[in-house]
Each structure stands twice: as structure tokens, then as C-alpha cells.
Amino acid sequence: MKKSKKLIPTIGLETHVELSTKSKMFCGCPADHFGVKPNSQTCPVCLGLPGALPVPQKKAVVWTIMIGLSLNCKIARRSKFDRKHYFYPDLPKGYQISQYDEPLCSGGYMLTSQGRIRITRVHLEEDTGKLLHQKVNGRRMTLVDFNRSGVPLVEVVTEPDIHSAAQAKEIAQKLRDILRHIGVSDCDMEKGSMRLEANVSLTSDPHKLAKYKVEIKNINSFRFLERAIEDEIARQENVLKKGQIPKQETRGWDEKQGKTRSQRYKESAADYRYFPEPDIPPMIFSKQEVEKIRKRIPEMPDIVAGKLISEYGIKKQYLQVLMGEADLLEYAKDSLAEARNRNLDPDLVAGMIVNRKVDIKSTSPKELISSLIEKSKAVIGDETELLALAKRAMQELPKVVADYKAGKTASIAVLIGKVMKFSGGKADAGKVRRLLEKALR
Amino acid sequence: MQLHELTIRESLTLLGQKKISSVELTEALLNRIRTYDKNLHSFITIRDEEVRKEAASADNQRKKKVSKPMLGIPVALKDNFLTKGIRTTSASPVLDDYVPQYDSTYAKKLKDAGAIIIGKTNLDAWGHGSSGEHTVHGVPHNPYARGYVTGGSSSGSGAAVAARFCAVGSGSDTGGSNRQPGSYCNVVGLKPTYGRVSRYGVIAMASSTDSIAHLTRTIWDSAYVLSIVAGHDPLDATTSTQKVNSYHETLMNNYQAKIGIPKQYFEGLNQGVEKSVRKALEILEKKGHSLIEISLPNAKYAYPVYCITVSSEISSNLARYDGIRYGFDRSKFQDEARRRIMIGTHSLSTGYADKYYKQAAKARTLLIRDYQKAFMKVDLIACPVYPFPPFKHQDRDLDPLQMYLSDVLTVTANLTGNPGISVPIEFVNDLPNGLQLIAPHFEESRLFRVGFDVEEELQMYKKKPRLIA
Chain A
1 MKKSKKLIPT
11 IGLETHVELS
21 TKSKMFCGCP
31 ADHFGVKPNS
41 QTCPVCLGLP
51 GALPVPQKKA
61 VVWTIMIGLS
71 LNCKIARRSK
81 FDRKHYFYPD
91 LPKGYQISQY
101 DEPLCSGGYM
111 LTSQGRIRIT
121 RVHLEEDTGK
131 LLHQKVNGRR
141 MTLVDFNRSG
151 VPLVEVVTEP
161 DIHSAAQAKE
171 IAQKLRDILR
181 HIGVSDCDME
191 KGSMRLEANV
201 SLTSDPHKLA
211 KYKVEIKNIN
221 SFRFLERAIE
231 DEIARQENVL
241 KKGQIPKQET
251 RGWDEKQGKT
261 RSQRYKESAA
271 DYRYFPEPDI
281 PPMIFSKQEV
291 EKIRKRIPEM
301 PDIVAGKLIS
311 EYGIKKQYLQ
321 VLMGEADLLE
331 YAKDSLAEAR
341 NRNLDPDLVA
351 GMIVNRKVDI
361 KSTSPKELIS
371 SLIEKSKAVI
381 GDETELLALA
391 KRAMQELPKV
401 VADYKAGKTA
411 SIAVLIGKVM
421 KFSGGKADAG
431 KVRRLLEKAL
441 R
Chain B
1 MQLHELTIRE
11 SLTLLGQKKI
21 SSVELTEALL
31 NRIRTYDKNL
41 HSFITIRDEE
51 VRKEAASADN
61 QRKKKVSKPM
71 LGIPVALKDN
81 FLTKGIRTTS
91 ASPVLDDYVP
101 QYDSTYAKKL
111 KDAGAIIIGK
121 TNLDAWGHGS
131 SGEHTVHGVP
141 HNPYARGYVT
151 GGSSSGSGAA
161 VAARFCAVGS
171 GSDTGGSNRQ
181 PGSYCNVVGL
191 KPTYGRVSRY
201 GVIAMASSTD
211 SIAHLTRTIW
221 DSAYVLSIVA
231 GHDPLDATTS
241 TQKVNSYHET
251 LMNNYQAKIG
261 IPKQYFEGLN
271 QGVEKSVRKA
281 LEILEKKGHS
291 LIEISLPNAK
301 YAYPVYCITV
311 SSEISSNLAR
321 YDGIRYGFDR
331 SKFQDEARRR
341 IMIGTHSLST
351 GYADKYYKQA
361 AKARTLLIRD
371 YQKAFMKVDL
381 IACPVYPFPP
391 FKHQDRDLDP
401 LQMYLSDVLT
411 VTANLTGNPG
421 ISVPIEFVND
431 LPNGLQLIAP
441 HFEESRLFRV
451 GFDVEEELQM
461 YKKKPRLIA
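Chains as they are written, first to last, in full-length UniProt numbering: chain A, 1 to 441; chain B, 1 to 469.
It should be emphasised that the hints constitute simulated quantities derived from the structure, not laboratory data.
All of these numbers come straight from a predicted model, not from anything done at the bench.
Note that beta-carbon positions come from the ideal geometry of N, C-alpha and C, so glycine has one too.
Any given hint could turn out to be false.
As the list claims (entries may be wrong) - Simulated crosslink set (DSS-like; lysine-lysine; CA at most 27 Å straight-line): (1) A:K80 <-> B:K355; (2) A:K80 <-> B:K358; (3) A:K361 <-> A:K315.
As the list claims (entries may be wrong) - Selected chain A positions facing chain B (Cβ under 8 Å, derived; list incomplete): (4) G48; (5) L53; (6) V55; (7) K59; (8) P89; (9) K93; (10) D271; (11) P278; (12) D279; (13) P282; (14) I284; (15) F285; (16) R433.
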């Protein structure tokens, strides 16, 4: 390899996301398994007992299509499930129900600040159980918890269009924002409901893929994703500089060392012996059905964000917080509209929401704005300031002053109203009355 | 009156008239099983004390005017039907001590209908076989010819019903497993349309061809039980929502069928088998049905397609028996299961799937088209069940290919999902034989209606087995 040629990182992302449906993908067990007593949410189906059969849940299929539509994918008119075979103690049937050659969604894209990233496919599958390595009665044992077995899992695969660690982080965060925004997953990496894997290689020819790729697993934050990719790029550069070709392998991100570490070599693709799942009939979708699903998708976060800036001029740093949470963004959108209608500063409202000074569950946007207006009214209590405003009002309305002095005391209300107007409704009306009465004497 | 000779229909009448009790009926059958089954090997598990209690409870309910369609009728279930709290082995050492925590839908429907499970019947382990010989629980003997096979894989249910141990035994038919023991045991073996009866809780052999039903001595009994166990099951996504008929109520309807006789299904038959089948066809003509010769040009591909498709699914369905959560580990699998796991794994492997699994899937659609075309011309297809009469134990088990030949006439209906039935006809050299009828999807009524004409004429159900105490 010539030293003069610049090496370009080629990165693809594979993201697994657990859907937050109430029940599991193929049975009625609860899907929310976080912090639940092991093996307390299982049944013959998700335990893979003899004779048990999977029945797919419609909601998970619809939600997967929603994800596909949000990522600008084509939705398959005909799709099916397939069996993916491998042996592992956390896989009770000896196969995972997944999708192979007819995924629900394919051929989409996402936009980043550095261009478009193509989405290869979005498919639906079931999660596996979980292995727990523990000491039981002094013996080291591996236990299996099947609460997670059968939880609906969506895989989003990008083309290798990503060219930097920062861009990978951006796209991953954006994906999380979208999924939270449409309300299909909480995408909590600590709970494992969002899992990232990156495929990284380096090439000197931007039109050709490298002959190898390295898969990085065990990434549980966006920061680690960026750091793991950065470290992996540096490592591969070193190998290539020595005139060698990096090995095709799977590496894990080692948080303590801040390095990727080899986990296993992949010389050839594993043989999963895919074939169509005979227990589940193929799925057929009409155009109308897909359009109906499309209507259920709220505006995408970046479109909403663009509007918040252009229409209300709110600060960019607020947006980052709002875009991460669908509820908060929706709440902000409604509150800002209300604030504008009632002449309240939008930035003040956005600040309140972003800094969690509002309980969005118990206070409606309307109530929020009303209470803010109430509060702001009492803000000007300073007597010198109020007196100045009162004098200005008296100067502007000499006739009203004359009326008052002539005995029409009710006309003081006109003066108070004027002061309120000057203060943008913020003046303390009681104080204003007393100050006016004093001045008019 | 001999209680063990009673069909379901007769038992229900007598129970209703209070001429017999469920306790008496159950007791009579248990006695008979205890006397003869040690030499027949039709059961793997025989229930005892609990059965008496359940029969007494059924009698009680009847006194209280509880109306249930199978109230107090003893039934046997093939040992690959899961039964809550009753050991279910699939005749394999892998599940030798397995006690299920739930009921198969078929078992549940019969229990809800008031039936009493008297025991679990023998089978070719996992359903793999057409002779009954692949079992670790003693090879069942043909109740009409000791030393001869019963047919399989629902061997125990076939033998038990023929031996008058019970009036109905359940069976799963993946490639002929209900029709074959029906034919060799002189009983009615039913394979309904794929998706007509729930597969939930029946240990899967090949998910895309497994059809669930039963063996009985008469057509009426078969039709009656189907009307109880059929229907959509929210636990099986492949079951149909199509309406379930009262199949037993249309047996006397006026009906003249056009019956297709596929020439390919009469090639290379044993002469005795052919003669017996031709005679049955003459009866159908006499009863007003017309016979039409038809051609199924792709018939010769049926067995290879079956072998690849079913083995592929077997290799997948048996993957869960890893001994981690229940049962014993893989070393307990025996020869036939191992053979099929290997064929299936190979057929699905990268580089071979294109040649085998995918080719078989394409050829399967050709077979479906053959049947579709045929059923545009005819109402039913008639043919033999086996190409040869019952054979002696161990005559074919040394050469798996010889054994697989047993299935050539039955597997197509499984690949196409069509319903089929085996109806007892004249014996061949003192050995039972069956006529196979195949109908369009969800037209089980035609099978029963036309099968009933044969049964009425020949009355083969009157022929008694020869058992040794």
C-alpha cells in the first residue's frame, strides 16, 4: 500500500432495538423484562416446549413498518418469517424466528450533517434469553433467564456509507431520536433495549470495499461507539501501514482499557440454514394498509425541530434535549404555539421545559402558559419602577386625570389599564392603584 | 352385549338411555387392555385410578343432565399429543420422563367435550416411520396378524382401535401416518385438510405437513370426532377460520361423486392390493358414483419432494431437544431420527439448499397444481393406501429405502394439504387393506359420504381381531 494514498474509513451500523409492545412477539407473556425476577414471564411458546407454536403479534409488525416508513424505506407487499438455526443455551428452540430474504422494509435512507446514509433493511425477529454467570452454592454456574426470550426485536442495517466515528455517532443518535419519537421503543442502552454493532474497514479506493471487515460489539453508549470506532480505525491503520491486512474478526469494546479486543475470528459466514418458518403464514400488505400505517407516524423530529427554530427562534442547545424525547418535543411544540398566541416569550417557555421545571404529565400546555402569565404578572412590584409607569400614564391621559380630579374616581381604572399595558401585563395592579391614588391627590 | 365392541355412536346412545355407565364401559376397556396389550404393545402409558374417577364423574354429570358431546367416552391419544400431567414421550428415549405442563388443543377439546383419556399410544418415535417398528416400547403387532406390522406412525392408535381397546385413538398424519395404520389395521384413518385441526401441543414432526386427527372403527365416529376437534385455534396461526361442519350428519345425503382414478397410483402395485381396491371401486360405481381415469403427471416426484421437505423441517423441529430445559440430551436420539436430521441438515446447508430444499419447494407447487387440475375434473380421488399388504416385523427395517417406499401413495396429500381418508376394504390373503380417498381442501364431508358407501357395503368393522391373552 502506498503511503501517499489516504485511507478512508468505511463503516456500517447494525442496530437492534427491542420494541416496547406490552406482550412478546409470538406469545402473550409480558415483554417488559427489565428488573423482573428471572423466568417469571415465560410460557410453553417462549420456552420452546414440545408442541408449542408461535403466533405473531400484529402490533409489532405494524411498528416495524412504521420504523421502515420513518427511515424512508420501501415496505414489502409480501413478507415472511424465517428460521435462523444455531445452537446456544439461550435460544430455546434451536432456531431464532427472524427474517431472511423478504424483510418487512428495505432500501431507505437517513440524512446526516455529512450526507445521506442508505438503510439496507429493517426486519423483525425475536430476542433470545439471557445467560447469567453466577456462583450458586459456591459453584460457578451459568443460568438462563428466558424472560427476554421472544421479545420483539427490530434490526436496522445501514449500508457502509458512514465515513467517520462522529458520523456513526450522529446516525445512531438520530435513529434513537426517531424511534423514541414515533413511540415504538425506549431505546435505553443501559437496559439493553438498543444495541449497536459497527462494521469497520479502511480502504484507499473510495469506490471499492475492503477485502475484510471487523465487527465491533459490546458497545453500550453513543460515546463508546465513537471511541470504539476511532480506536479501531487507528488500529487498522497501523496494521495496514505495516503492509498487512487486518483479520476478519469480531472485536469487543473494552471500556476499561479504552480499546477494542479480539473476540473471535470469522473466516467464513456461519451456516444458519435459513428456511421459511412453516408455523407462520406469509404476510401480505395492501397499499391502503401501508398508507394507513403511514398516517400514524408523527412528523419526524428534525422537521419539528426546524419549525421550532424558524417559527419560535428557540436556542439550539434546547433542541438537542427535546429531540431525544418524543413526549417532551410534542409538549414543547404545543406549549410554544400557545405562548405565541398569548404574547409570552417562547424561549422562556422552552427553557422551563428543557430544564424539567414542568411536570408534563400533570400540566397541559395551556395550563402551563396560563400559570406562567399569572406568575409573570406579579413580577414588577418595584415601586419606583411602577411610579415611573404611573406618571407616564398620567402624562398621556390628561383628560382622564382631570375627570378623576373632578370626582369621577372610577376613571382610575383606565389609568391602571394603561400601566398594565406598558408593563406587558406584569405590573402588580394593587400597588399601581395605590401609587396612582397617591399621585392624583 | 360386549362393551368393547361399541362404537362411539353406540356408546353415546346407550349412555344416554342409561343402559350402560361410563364406569362400566371404562372398566371393560381397561380389563381388555390389561389382558391383551402385553402381547400387542399398543399403549405406552395406561392410566388407571384416575380414569375410574373421571368415569364416575362423567356418570355424575350425566345424572345432572350435563350435555357434552363426548361425555364419558374413553379415548386414547398418540403419545406425541401433549397431555398435562400425563407422561408424553413421543416414543423416544429423549423424552422418556417428560411430563407436559400443558394440554394440546386436540386433547383439551376432547377433555372439554367430556372424553376420558385412558392412555397414550405407541408410535414410531417422533412420527418417523410407516411400520410402527421405530419405538423403544415394544413393536406393536397387527391385531389381525401377529408378527405383522400395524403400519405407522400412529401404530398404537391403529392397533388399539382394531383390538377394541377404545373406539377412537388420535393420530398425527405427516406423510400417511393415520391412513397407513388405518389400512393395515382395518380401521378408518383420517387425515384432514392442513389447518383444519390445531397442531398446538402435538410434538411437531414437519410443521408444513402435520395433520391432526384420529383412527376409529367407523366413518360416523371419525366424522363425529372431527366435528368436535376441528376449527380455528388462536394458538396455531396456520388453522383456518372456515366453518366446521357437522360431518356425521351428512353421511346419508344423496350424493353422486365423480371419482378420479389416477393411473400413476396404480403402477407397480401388489396384485392382491390392486384387486381389493378395484373391487371397492366397483362398489362405488354400483352406488351411483362415476369413475374417471385421470393423470397426475408429477406423481413420481412426490416422494423425493416429501423426503427433502419433511427431513428439513424435522432437522429444525428437533433442534430444541438439547436436554438443557427438559428431557435427555441428543445422544438419546435413535437411528431413524438421526438419519432424518442428517438428511434435513444437509438439504438446508449453504451450497446444498439451492439443489435440495429450494428445488423441493418448487416441485411442491407442481404437485399442488396437479391436484388442483384434477379437482377441476373430479370431486374425489381414489387409490390404494400402501402399494403392498402388511409385512412381517423386520422385513423392511434393514433397508430404509424399502421402508420409505411404503409412503409413495400417501405423501402427496400432505404436501398439497388436501384431506384424505383410509377406509377398510376386503383383506388381501387374510391381511387388512384400505381404500384411500382424497378430496379438495376442506371437503372432508365428501370423504365421509363416499367412504360411508364402502363401509355400508363391506361392513369390515364387523371383522374381529385375533388377540392373544
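Let me know if the C-beta of P282 (chain A) comes in closer than 8 Å to any C-beta of chain B, holds or violated.
This hint is violated: P282 (chain A) lies away from chain B, its Cβ roughly 11 Å from the closest one there, beyond 8 Å.
Taking 27 Å as the top limit, are the C-alpha atoms of K80 (chain A) and K358 (chain B) close enough?
holds, 16 Å
Residue hint D279 (chain A), partner chain B, criterion CB-CB below 8 Å:
Holds. Min distance 5 Å.
With a cut-off of 8 Å on the beta carbons, see whether P278 (chain A) makes it to chain B.
holds, 4 Å
Do the numbers back the hint for K93 (chain A), that is, is its least Cβ distance to chain B under 8 Å?
holds, 5 Å
Can you verify the interface hint for R433 (chain A): is its Cβ closer than 8 Å to any Cβ in chain B?
violated, 72 Å
Would you check whether I284 (chain A) satisfies its interface hint, that is, whether its CB is within less than 8 Å of any CB in chain B?
violated, 14 Å
Going by Cβ atoms only, is F285 (chain A) closer than 8 Å to chain B?
violated, 17 Å
Against chain B, with CB atoms and a cut of 8 Å, does the hint on V55 (chain A) hold up?
holds, 5 Å
Are K59 (chain A) and chain B close enough, Cβ to Cβ, to be under 8 Å, as the hint says?
K59 (chain A) check fails; min Cβ-Cβ to chain B is 15 Å, beyond 8 Å.
For the hint on G48 (chain A), does the least C-beta distance to chain B fall short of 8 Å?
holds, 5 Å
Interface hint status, D271 (chain A) versus chain B (Cβ within 8 Å)
With a closest approach of 5 Å, the D271 (chain A) hint holds.
The earlier numbered hints that this structure contradicts are 7, 13, 14, 15, 16.
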